[in-house]
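A.B. asks: Sequence:
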Amino acid sequence: MLNLLILFAIVILFISSTAGLHAKMEKHVSNWLIITRCFFFILLTCQIIQLFLTWKTSLLANLIWLVISIVLFILTANAFREKIVTFGNPRHSRLVFAGMIINLGLALITIFF
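Position one of the sequence shown corresponds to residue 0 (numbering that gives the first Met the number 0), numbered consecutively onward.
Hints may contain errors.
[Said to hold, decoys possible] Below, a list of computed lysine to any residue pairs in the SDA-like style, where the Cα atoms sit at most 25 angstroms apart: (1) K23 x N77; (2) K23 x F111; (3) K26 x G87; (4) K26 x C37; (5) K55 x F111; (6) K55 x C37.
None of these hints come from the bench; they were simulated from the model.
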């Protein structure tokens with residue numbers, strides 16, 4: 000059940016961050032930012048719980064995945080800040096998109112292998 004919640008949160012994060020970073024109105028960017036932050040909170044909480052549950056079997060993989068997710072949270076918050084203050088930076092949007100793909104790949108590897 001925890002694995003399904005993690006995958007659901009990652010998919011919603013992928014959709015909300017992409018939609019938010021491509022939104023044209025500041026109100027829509029702010030709404031997508033709220034959704035993204037809520038699901039990042041859910042994802043990070045589930046990752047910490049999974050880290051404690053699989054402490055002896057896959058500590059290193061889960062720890063690396065958690066650190067990458069925290070870095071991705073920081074990059075996403077920075078990209079949204081730039082989008083709200085200015086018109087955004089396309090390089091940061093692409094970096095967040097690539098980070099989401101890497102996060103999804105790490106999630107699939109960690110959960111299913």
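A.B. asks: K23 and N77: Cα distance at most 25 angstroms?
C.D. replies: holds (17 angstroms)
A.B. asks: Check the hint pairing K26 with G87 against an upper bound of 25 angstroms on the C-alpha distance.
C.D. replies: OK: K26 and G87 at ~15 angstroms, within 25 angstroms.
A.B. asks: Taking only the CA atoms, is the gap from K55 to F111 under or equal to 25 angstroms?
C.D. replies: holds (17 angstroms)
A.B. asks: Does C37 lie within 25 angstroms of K55 when you go C-alpha to C-alpha?
C.D. replies: violated (29 angstroms)
A.B. asks: Has the given pair, K26 with C37, been kept, meaning a C-alpha gap of at most 25 angstroms?
C.D. replies: The hint holds at about 17 angstroms.
A.B. asks: For the pair supplied as a hint, K23 and F111, confirm whether the alpha-carbon distance does not exceed 25 angstroms.
C.D. replies: violated (38 angstroms)
The structure is inconsistent with the numbered hints 2, 6, although it conforms to all the rest.
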